[in-house]
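A.B. asks: Listed below are the residues making up each chain.
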Amino acid sequence: MIFASKAFFIFLPVVLVLYHLPRARGRKYGVMLAASWLFYAWLSPQYLWVIVLCTVIDYLAALKIEGAETDRARKWWLGVSVAANLGLLFAFKYTTFVYDNAVSLAQFCGTPVRDRTWDILLPLGISFHTFQGISYTADVYRRQIKAVRSFLDYAMFVAFFPQLAAGPIVRAAEFLPQMVTPPSVSARQVADGLHFFVLGLFKKLFLADQLDQLFVAPVFADPAAFDPAARRWACVAWAAQIYCDFSGYSDMAVGCAKWFGFELPRNFNFPYLATSITDFWRRWHLSLSTWLRDYLYFPLGGSRGSAPRTYFNLTVVFVMCGLWHGATWAWLVYGLYNGLLMSLHRAWDRSLAGVRWADRVRSTVAWKLAAWAGTSFAIVAGLILIRIPSWTAGGVMFESLLGLDLMGGWSAAIPVWVPALLAVVAAGHLFSGLRNRVCGLLELPSPVRAAVYVGAIGLLVTLGPGVGKTFIYLAF
Amino acid sequence: MKPTETTPSTPLPPETQPRQLPADGPTVARVTVVTALGPVEPTAKVLRRTWTFVSRNRTIVLFALMLLGTDRVIGRFAAVWDRHSPDDYAARVKGCAREQRDLVFIGGSPVAEGINPDRVAGVAWAGKPLASAYAMGLSGGTTSDFYHAVLRGCPTPPRVLVYGITASDLNDSRHEPHGPYSLMTTGDVGRWVRLRPDSAEWVVRHFAQARLGRASDLYRYRHGIRMWAATEADRQLPGSCPEAVGEADELRERADALRTGNGYAPARGYSVGRYDAVKAAGLRPKEFPYLRKYRTGSHLKYLHELAIWCGVRGVDLVLVDMPVTADLEAMYPAEFAEYRARLAEVEQGAGLRVIRASRAAVGLTDTHFADLIHMNREGAKVFSGWVRSELGRCGQ
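Line by line, the protein sequences are chains V and A. Quick note on the working numbering: the first sequence kicks off at 1 and runs consecutively. Quick note on the working numbering: the second sequence kicks off at 1 and runs consecutively.
Hint data in this document are derived by calculation from the structure and do not stem from the laboratory.
In silico negatives: residues of chain V with every beta carbon more than 12 angstroms from chain A:
(1) 82
(2) 90
(3) 95
(4) 225
Only some residues are given here: those of chain A computed to face chain V with a beta carbon under 10 angstroms:
(5) 53
(6) 61
(7) 74
(8) 221
(9) 223
Derived CB-CB ranges, DEER-like:
(10) A:55 - V:10: 27 to 37 angstroms
(11) V:14 - A:195: 28 to 38 angstroms
(12) V:389 - A:289: 22 to 32 angstroms
(13) V:389 - A:55: 54 to 64 angstroms
(14) V:10 - A:292: 27 to 37 angstroms
(15) A:198 - V:13: 25 to 35 angstroms
(16) V:263 - A:198: 42 to 52 angstroms
(17) A:186 - V:119: 40 to 50 angstroms
(18) V:459 - A:289: 26 to 36 angstroms
(19) V:347 - A:242: 46 to 56 angstroms
(20) V:16 - A:194: 30 to 40 angstroms
(21) A:292 - V:419: 39 to 49 angstroms
(22) V:13 - A:249: 36 to 46 angstroms
All C-beta atoms in this analysis are idealised placements derived from N, C-alpha and C, irrespective of residue type, glycine included.
This is chain V alone, in the form it adopts within the complex:
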């Protein structure tokens, strides 16, 4: 099941009622677990075993780690958990990629091998719940948290449906303490839940889907059919679309969770206000960035070794980050691109740190604006990689973004709604992000807030597309 579908709008109120009716902790969590597994199995019931298996393995592994007397045994059980999660992830997500490349290689070497005629359907949210399972057993291994005794509690933590399909990747240390007693829902949580849910729906259906339908999809499908100005607009619109799509889902997850009394971590912090690539990754998909930092970058050695070793670690982390998003060469290149940018930025930053004149220049508004512009350009350029239908089409888009075809024209017939929708995204960033607020709307008086939500729903119902498309991040 996906958010923004008719089925979900029946499912959600039913689950809310069933969850809040019983007072006993076990019954509440039983309802939630059943609902979450139903949510998971809605589209592909044949894959329910995947999440159940992961849950059982991680639950047992954590207990074994905690109960083990030797370090060797603890390590062994951690290995079992990591191997099981990554094994399933690899089997479902990367088998086709590896197979296709092996076939290409074989054909290149002259060995006749037939192309693949089969495909593997990806289980819902596998990239998210496997990472959640790994972080749990790793935290138990590091003695940062205690293993959960109740299978029901652990299963609910993994399957909690608001964040099951597309994150945020919730850490056990953040979520399990909230489960000790069933959280009661405060009036503020109900109102804030409405805020995040409506905001998320608006971002997804009104902004992301409209941008895609109106402009991004046709331009990226055949860039040569559009003039350079249209292609430049399409690059920017695509950046706005992917942000609204993914942060829209995260917002809906946060809002939903609040209605059940739970708090989920914030996943986005106005990423397009970033003034460096490092800053960007501290604002974009925070739960993934911090996961990769804690469970991959630090174990690799982080920045404790030599500078080249640190750059190597950064590059590895970002290549993995790219591959986590999708098993394609485009995603791999996207990861590599970001890893290189991160390394370059780190080298630049280190070389100027402590230099008095450089610090003075870097603290000026002009420099910050230039840094913002440069970073935004680099981000948009990177995002092109993951949308292009072919490398040739990508070349055409890059050429336009770089302005190499400036003479080709500036006066494309852009649908007037494209700049308008982009202005809404920009306004959101400026209204809240510049003031360092979670969302500026939350601070407005209740009547204004209520009017904004009604307006957003009105726009969604009347101007949004009839049926929501699948969230981009559900494919990851």
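Start from chain V and add chain A according to the hints.
C.D. replies: Relative to the frame of chain V, chain A by itself:
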């Protein structure tokens, strides 16, 4: 024996300690004011609790109230939204019911596109002219839908009811939700469940969905609001949303035609389209989805119901086997054979009058069609003339 003395430092057992009153006087735990009308405390308590709840949840409460208010306001302007995106079935039925008709045509999109009632009106039937005529052509409809359209659209029975029938009307694999949405009442659903148990779940589900969808005017008129917004946006910023404005213009034109006309409101594309040109361009369709998985029997029950309705009210029912392109018949020979066999059964069994409008008899070629099944304006002109002459012959 000396009585035991208690020193001030020795605490008394709790039950013997004097009750300490607060410094600012006694606390009143409960006061019930009884008046001639009875105790008032519960009302005050309820009010206080309600107020506490409302003030605590003011954002949600205001949101709910504003949403309801917006919905009411939108409902007030229903006519505006309807004009920008009419409910085709409801508009046609309403148009037909507006006045008494001597002649009513019913059927699917072939009737909507192919019969111009003005060209048929005036024909003599049983010695008297059929003065007013209306075409209730419901695009995408089935025989079951047409029966319900007659129930709603003909409060005063016409003298003659002409059903322009075609093979796809009787295909039981087709379930079209517009009928349950726009034409049926709860009683009709109950009757459908009894008459056609094979699709009972489907009709109940769609009827319930339709009723639920009408609970909110914002949802119900969403497309009309969208079309209105496109029109207004185009007025302010010309060329801002050309596709939506094109759609809005056509819908408004159709709404006006349906509101005031005789039911003949051909779609722009069909009106001027030419099937021979489509074929010449190499765009011949490979499939006609309405005849997919063809089976008959269930919809047919409503044809019998229609015959009974006409019989009881003294309405002459005439079936016209609508002409289609040769290509469509060639693509689905078995389906058309089954359909025509059913039609023959009805003709013989129920004694219904059937006019077979073959292409040769009418004089239709591919130039008179817009696609596989719909006639264009020229085709409608030719066909309506032919129907007039046939009705004149039958009416003698």
